[in-house]
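Two chains, two separate frames, one set of hints: put the complex together.
Quick note, the sequences are listed as chains A and B, same order. Take the first sequence: its letter number 336 is residue 336 in the numbering used here, and every next letter is one higher. Every position in the second sequence, counted from 1, becomes a number in the numbering used here once 1000 is added.
Derived by calculation from the structure, the hints in this document are not laboratory data. A few of these clues could be false.
[Stated by the list, open to error] Straight-line C-alpha distance at most 35 Å; calculated DSBU-like pairs for lysine-lysine:
#: 1; chain 1: B; residue 1: Lys1060; chain 2: A; residue 2: Lys45
#: 2; chain 1: A; residue 1: Lys109; chain 2: A; residue 2: Lys291
#: 3; chain 1: A; residue 1: Lys337; chain 2: B; residue 2: Lys1060
#: 4; chain 1: B; residue 1: Lys1030; chain 2: A; residue 2: Lys74
#: 5; chain 1: A; residue 1: Lys108; chain 2: A; residue 2: Lys133
#: 6; chain 1: B; residue 1: Lys1150; chain 2: A; residue 2: Lys133
#: 7; chain 1: A; residue 1: Lys284; chain 2: B; residue 2: Lys1030
#: 8; chain 1: A; residue 1: Lys133; chain 2: B; residue 2: Lys1092
#: 9; chain 1: A; residue 1: Lys108; chain 2: B; residue 2: Lys1060
#: 10; chain 1: B; residue 1: Lys1060; chain 2: A; residue 2: Lys133
#: 11; chain 1: A; residue 1: Lys284; chain 2: B; residue 2: Lys1150
#: 12; chain 1: A; residue 1: Lys168; chain 2: A; residue 2: Lys64
#: 13; chain 1: A; residue 1: Lys115; chain 2: A; residue 2: Lys133
#: 14; chain 1: B; residue 1: Lys1030; chain 2: B; residue 2: Lys1060
#: 15; chain 1: A; residue 1: Lys195; chain 2: B; residue 2: Lys1150
#: 16; chain 1: B; residue 1: Lys1150; chain 2: A; residue 2: Lys64
#: 17; chain 1: B; residue 1: Lys1150; chain 2: A; residue 2: Lys168
#: 18; chain 1: A; residue 1: Lys67; chain 2: B; residue 2: Lys1111
#: 19; chain 1: A; residue 1: Lys109; chain 2: B; residue 2: Lys1092
#: 20; chain 1: A; residue 1: Lys108; chain 2: A; residue 2: Lys64
#: 21; chain 1: A; residue 1: Lys64; chain 2: B; residue 2: Lys1060
#: 22; chain 1: A; residue 1: Lys333; chain 2: B; residue 2: Lys1092
#: 23; chain 1: A; residue 1: Lys100; chain 2: B; residue 2: Lys1060
#: 24; chain 1: B; residue 1: Lys1140; chain 2: A; residue 2: Lys100
#: 25; chain 1: A; residue 1: Lys291; chain 2: B; residue 2: Lys1030
#: 26; chain 1: A; residue 1: Lys168; chain 2: A; residue 2: Lys74
#: 27; chain 1: A; residue 1: Lys67; chain 2: A; residue 2: Lys45
#: 28; chain 1: A; residue 1: Lys64; chain 2: B; residue 2: Lys1051
#: 29; chain 1: A; residue 1: Lys115; chain 2: A; residue 2: Lys45
#: 30; chain 1: A; residue 1: Lys67; chain 2: A; residue 2: Lys205
#: 31; chain 1: A; residue 1: Lys67; chain 2: B; residue 2: Lys1060
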Amino acid sequence: MEKISRRQFLGMSTKAGAATLFTGIFAPTATSLFGLAGVAEAATKRVDPFTFAILTDAHLYDIKDHKFDDILRKGVADVNSMRPRPDFLLYAGDLGQSGKKAELLKGKKILDQLKMPYKIIPGEHDYYLDMGKAWRGLFGDEHWSFNHKGVHFIGMNSILVPDFWTLKGLTPRERMGMMEELECHQCGAWGVGEKQLEWLARDVKNVSPDTPVVIMTHSPLWDYYPRWNFQTYDAPQIRETLRKFDKVIAIHGHVHQVVYNEIGNIRSSGLLSTSWPWPYPPVKLDYPQIKQRRSDPGDFEDGLGAADLALNSDFDAIIHWREFSDLLPANIKNGLKI
Amino acid sequence: MNNTHMKRICICSGLSLVGALFALGIAQAKPPRSEAQAAQERAALFTAVAKGDALWHSPKLGTNGLACANCHPDGSATNVHTWPKFQTNLGKVGTLREMINWCIAVPMQGKVLEYDSNEMVAMEAYATYAHRGIAIDLGKDEQHGGVPVKSGPGYPRF
Ligand SMILES: [Fe+2]
Ligand SMILES: [Fe+2]
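Okay, chain B solo, but in the shape it has when bound (with noise of 0.2 Å):
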């Protein structure tokens, strides 16, 4: 009997042993998740999402008129799948938050949120689940229209 093997065997009663303690529900520190509180959970990123949407169509970012939705319609072009990356006009390596700060300040000449805002976050929910399902490709030089939306606002309201 080879290392490998002894070593499979080791795992492999150990994911039993796991699996039968699990089984006598004794081996959680804490019972799993219920239905009710998976439920809130996706209901609180939900209600973040709309507050986004709220914010990304909102010209009270700027002070020029402009939107986010101006450019981005349903999120799109955003690319959240790509960040962080090299950004030329943030000149350097900048993540999806930088980038929608310098959107904010330059085209809509307004006031810069604070990096872990919950508007800041409600707007990279928002952006980010319109390409939920998309491969994450760090840098990818593309620009991408998001998940097709076929009816409603795009995502589950609560």
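Bound conformation, chain A alone (with noise of 0.2 Å):
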């Protein structure tokens, strides 16, 4: 049953002309096999609808029986039970802690419990101790792009900071207990850099401005807050290759809390973590009304979760935060249209 869903879903996306190549069927993935004409024949203003699953910053430590391992093992049992059952699941990177194999082994193999495909990105905690190795051996490449049912998909890797280390002569295990800490003040702004960008500007090229869009990036596309790299300091030239869709639905990790924002064409989600819930940094928020509620310290599930987004065939949208705990204010309990 479960092998036959994710062969429907390789021929659906073949057939909208991208080589979808996913992590829950082959992987190391090649990014050599998305053709630009493919990614234009996918442009159409209607989506046939469905749903996607998202999970996030499961922080796995290499140690045995860690009690992270149980929080992203529920969060897999919790995509599996989703009826209808989404379509594939984003992953939107820190699988890892401290960018060990073992670590990200260890979230394959939980990973590759869904019912579903998968995509993921890394996030600073995968990368630093051997500068994605071991990541892109397990999952591929660090930036791709697919269609499905209509909506052109893209996932970045926006956590790349330049050489801070070098001068420094630190070792790998040093630089990365560096980027391990949120607020490090010694390692740099991140984005997407150079290559990326240009990646970006041809993969969207030929896509027509009414396609429906959705990114995928570890930090937010704002300025959130810099100092805990709640920011891609890139953002504004995505925005800017991007500004000329209709719409597009950007989500993104690392922030581990209920954030949305606006910025022209671009809604952003922030995603709940699996590990733990980090409070909000002290700034304005652009929408305060959607936030979480501040969780309770004696609850180690409190502030964590997964998430669903259902699309329509207007490329309407419905991000459904999935706490663990009940702490969602009314007024997204049941959801946040976008």
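Shown next, in the form of structure tokens:
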């Protein structure tokens, strides 16, 4: 049953024109198989309604039976229990904590329990021990795009910082240790970098402006709280490249919280983690009413959860934050129309 | 002349007497704190804050890899201005230090600190400095992100 649904999914994607390679099916993937012509073919204003699920920020440790293992398992079980079943899952980074292959491998094993394919991007915690080598070995490309039922999906690596380690003579472990601190004040601001900006421009060049677009990055595509890298320094260029589209839905991990913003044609939603919730930083929220309540430190599942996004034929979307504990205020309890 | 007026006169003359003695430099049991001494005390405080910062970010206080900073970057959400207060997981009115020890013992699965140890004082100093200037409001139900940090560690270094 499971295999059939995966094949069906792959079949549909291929028909839509993109060589969609999911880590649930093939790994590693190859960007070279994405043809521009294929991308253009998929352009259509109508969406064949569907739902996809999202998980992020498991922060798995290389420690046996760590409590975060179970929370990720709970997230996977939650996604598997969704009805109708999501067509696929997107994973928004920070699967591991310290970039160790053992962490990522443990995470992959748990994610492979998903009853649907998934696509994944790296977070800073996955990356800075070996500059993404182990991650790429397990999951393939750090940026990708595919088309699904009329929607153009994009994933990018937004956690690239200029080299701060060589001059300081840091070991890989020291470099990773610094990046593990959210408030690392010597690591610099993240972005996707020139190469990915060029790739993005090429990727969407032949995609018609009325195509619904969903973009996933680890960090937000606006300046939320740069101190904690709740930002992507070249987000203005990304937004410029995506400006031609009628509507873009952006989702991001890293903030471990419910947060929402709109800039121009882009509607951004932050996601709950499956490790720990982060407090709201000391800045004014653009949409203060879209906020989770503070969590109870005595309840290890409080403020954590999964998410799903339901798209209708007009690319109206509803995001549901699926908190494991009951901490969503009434206005977003049943989802938010974005 | 009523009583209040009388008192005022007394207080005023008392104050001017102190002022006069102060000006002559003879009223003080010991000389005022020198600038050098004040600087030394400030350096001692921020050395403690820096030590607290290091502990805050160290997984060594726990056994499962977690550090305080996992959930409380820049000392945020410690809400130091709201303690002491009733805290559900403590089951009583407790202090910030008790909460720090609870976090070490439960989510971090570590060994608690002595309440008056240098380590505990340093951690308290770090978290409290991150909330400087925020009005004390005992028991207030809020999660505070602390004082915004523009750059550096968030406190002066010596
Ligand atoms: Fe994270
Ligand atoms: Fe992150």
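* Violated hints - listed by number, lowest first -> 1, 3, 4, 7, 8, 14, 16, 19, 24, 25, 26, 27 and 30
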